[in-house]
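**Student:** Please arrange chain B on chain A, whose structure you already have, making use of the hints.
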Amino acid sequence: MIRGPIPQAPAQPPKAQVEITIDGTAARIPEGSTILDACKSLGVETPTLCFLQSLTPVNACRVCVVELEGSRVLVPACARRVEPGMVIHTDSERVRHSRKMVLEFLASSVDLSTAPDAQRFCERYGADPARYAESDGSAATVEQPVKIDNQLYVRDYSKCILCYKCVEACGVDAQNTFAIAVAGRGFEAHISTEYDVPLPDSACVYCGNCIGVCPTGALMFSSEHELRARGQWNEAEQTATETICSYCGVGCTLTLHVQDNSIVKVTSPIENDVTSGHLCVKGRFGFSYVQNRPDDV
Amino acid sequence: MDLHYTADVATDDERAAVDGLLGPARNGVSGAAARRQRHLLLPVLHALADRIGWISAGALNYVSRRLDVAPAEAYGVATFYALFSTTPRPPRVLHVCDDIACIDAGAQALCSALASTFGPAGESGPDAAATWLRTPCLGLCDRAPAALLATAGAQHAMVQLAPVDAEDLARAMTGTSNGAGAVPRIGGSELRLLRRVGKVDPESIDAYRAHDGYSALREAFELGPGRIIAEITASKLLGRGGAAFPTGRKMDAVARAPERPHYLICNADESEPGTFKDRILMEYDPYAIVEAMTIAAYAVGCERGFIYIRGEYPLAAHRIGHAVAQARRHGFLGNDIMSRGFRFDIEVRRGAGAYICGEETALFNSIEGKRGEPRSKPPFPVQAGLFGKPTQINNVETLANIPLILLEGGAAYARIGTPDSTGTRLFCLSGAIAHPGLYEVPHGTTLGALIEMAGGVRGQERLQAILLGGAAGAFVPPGALTMPLTFEDARAAGATLGSGVVMLFSERVDLPAILRRIAQFFRDESCGQCVPCRVGTVRQEEALHRLASDGTSAGRKGDVLLLDEIGRAMRDASICGLGQTAANVIDSARKNLDLFTSEAQQ
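Respectively, the protein sequence lines represent chains A and B.
First residue of the first sequence: 1, per this note's numbering; consecutive thereafter.
First residue of the second sequence: 1, per this note's numbering; consecutive thereafter.
Next comes chain A alone, as it looks inside the complex (with noise of 0.2 Å):
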């Protein structure tokens, strides 16, 4: 067989660079980039937790803004996109303020335990939660009882942030599925499905994908979440092994946490190319076949 030249796809054209100001640095960040974008490239670290890169931003959660001069307010980096001539600061007192506030807020209303990136924004904003319930502990939360309605994964709402991203995941953004929305509003909004149906009567197929996404731990495979009610959950004694699934042809990348010997929960990871770190039922939730061994029986 005579082959050709492999055939190259067009060059693209470089894209046009912006220049904008980052705390006093000029840089040069390409056009469509976002400030977060070319917070990262300058090495600034910004807070996130409504962010993904693989889910469109909704800028709600309001950790990442920042100061732009000739704007009135705040802005989001996660979704601002760069113009040029941009002067933007990332640390000024205003951001601190705003950031730890916004971490205040968050933490004095809802449980941050399995949140440790949360909990470290906390940490290096100064945010101090019990200020708000000091005098008599009227500080209103979202405290509420864990859903347990199937056996695949649990519903702690009591540490959800309203971030949006398993909505997001069960939308467009992933899986198409749209078992849960929003309903509701302002303190009282909170994920729902329909009239607030369990799980089973609902539109949902345990693909998992809005356990991946969630920053707090509010969704938890079953299997972590009774690890950690016994206090045997132990994150350092674990090991990931990552591995293809074997159900189907598509080859997704699977990681599994393991922990005395069982496989304790899977995940893929965010910068897979076949993933962008979503997976389905049987990729996320069917490993139990591999650890089938005679003592268990």
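Each statement offered as a hint is correct.
Simulated restraints, written as ranges between beta carbons of each label pair: (1) Val87(A) with Arg491(B): 23 to 33 Å; (2) Pro88(B) with Pro269(A): 43 to 53 Å; (3) Arg134(B) with Ser222(A): 36 to 46 Å; (4) Ser116(B) with Ile148(A): 39 to 49 Å; (5) Pro84(A) with Pro24(B): 53 to 63 Å; (6) Asp212(B) with Arg28(A): 52 to 62 Å; (7) Arg134(B) with Thr241(A): 57 to 67 Å; (8) Ile148(A) with Ala182(B): 54 to 64 Å; (9) Pro88(B) with Ser222(A): 27 to 37 Å; (10) Arg134(B) with Ala133(A): 20 to 30 Å.
Don't read these hints as lab results, they were simulated from the structure.
For every residue, glycine included, the Cβ atom is placed at its ideal position computed from N, Cα and C.
**Tutor:** What follows is chain B alone, placed relative to chain A:
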């Protein structure tokens, strides 16, 4: 889409309500064609609420099938709006205003009386004939105290009741009430926008035409789009909804936007507590709004316009709907307006109890059948608004100025008022004022002169404070009576004209209680999307309640400082104007009235 539904099934009545709007199911569309009707979700939910009184799981499943919307999303939309219920509710619901103007008029006593006779708000069983609820401002402050009676059924009705006493409310609960259509009190030094109010039959297009009606549209066709926008730019008209954006600049941007189609929206979701000017314009001069929309649409190149009227304004919706139908019949809307080859039509949309939908991008989402959550800007509406297309969106009063500008010319218009605040302005006077009502004065009239026009402070009471611009506005002290009412003077005084609210509070009013009601308003009306507003409005209200209770002086000082910190974060980091202004009145009470100053210094 391959959607999943629960087993709940709609009743025949529920199907009839939905089919009444969408047409029979057998003639209906499916798939992508059904999804293109998503913008009918809110009208369909209204149809269910009107007919049944509440929205059941079976009804929502049926709606979801007809529009190919995921039931979870439809539920998210239905639970967003205060006028809808997703739990069983009696057919008759009495909404009793307990907002700031009505508090001054005795609303708390009315609510107590209702509670003692009919039980606590919202707690009557589903088998009861009626229930009552507390509601934020109903836009009837000129006739406070106010209520709104909604009766579901085949012969559904919604009636505004104001002023009401305890007997009126009891009659409404037992179903023997008739709404009284009182002509509003209007006044001022120069009636331009209000010249037809109360004088010209609002239901007659002939009467409208006999009083200048449609002469401005004729002039518009002579001028052509470019010169219309030039005249409006020359008039220096600024938006009257609260944000004071130059109208001409907005129109120019939409007219030049290359993407098509362009949309026109009249923002009639007037919900700022204390505001009732747009309601009176729509109720008593509806053709003027229809004509103004037609001119604006011609200028910026729109074939399709919407007027989004707040759900609590049944008479305004009726009168505007009637005017649109009459205009269509007489060739002032439709495919060939005034035989000039211009095609334009207007759809009337009703809000459903959500202050946030007055925010322009939230309003787009609401029309599109989504939750009324504001979008991030940029992109701005002139670039990507309704359905992602360039959109001209203006407040009712702003639009009402356009025919005047065309008839007298932009330069002549600009000579009214002051150089930077041109034209006249509608002010909604309520609270401790002798003659509450709607007053029209040229910009630059002093606050004191305006109040004198309305008979001055009520009775023998002494003025404590004046709220300008509504819940998102600011308090000014009695000393501000010399302030000229202009955009620039209000700004210099640490206030805003906002939506034209001038609410007077006498010394018998407990001002911290008013602040708590305003804080509750923002907590209730926050859409919940962004953290600073969703939680900040709650923490703000909590701090105000703690300040009202006995606490240590250290605790009180801490709470006053905390209010400042919360306010700064809401102002700086919220997505939209609601959160950004939710601390304004508290801030202004601290700065302009010295409220909580002693606490802060302890």
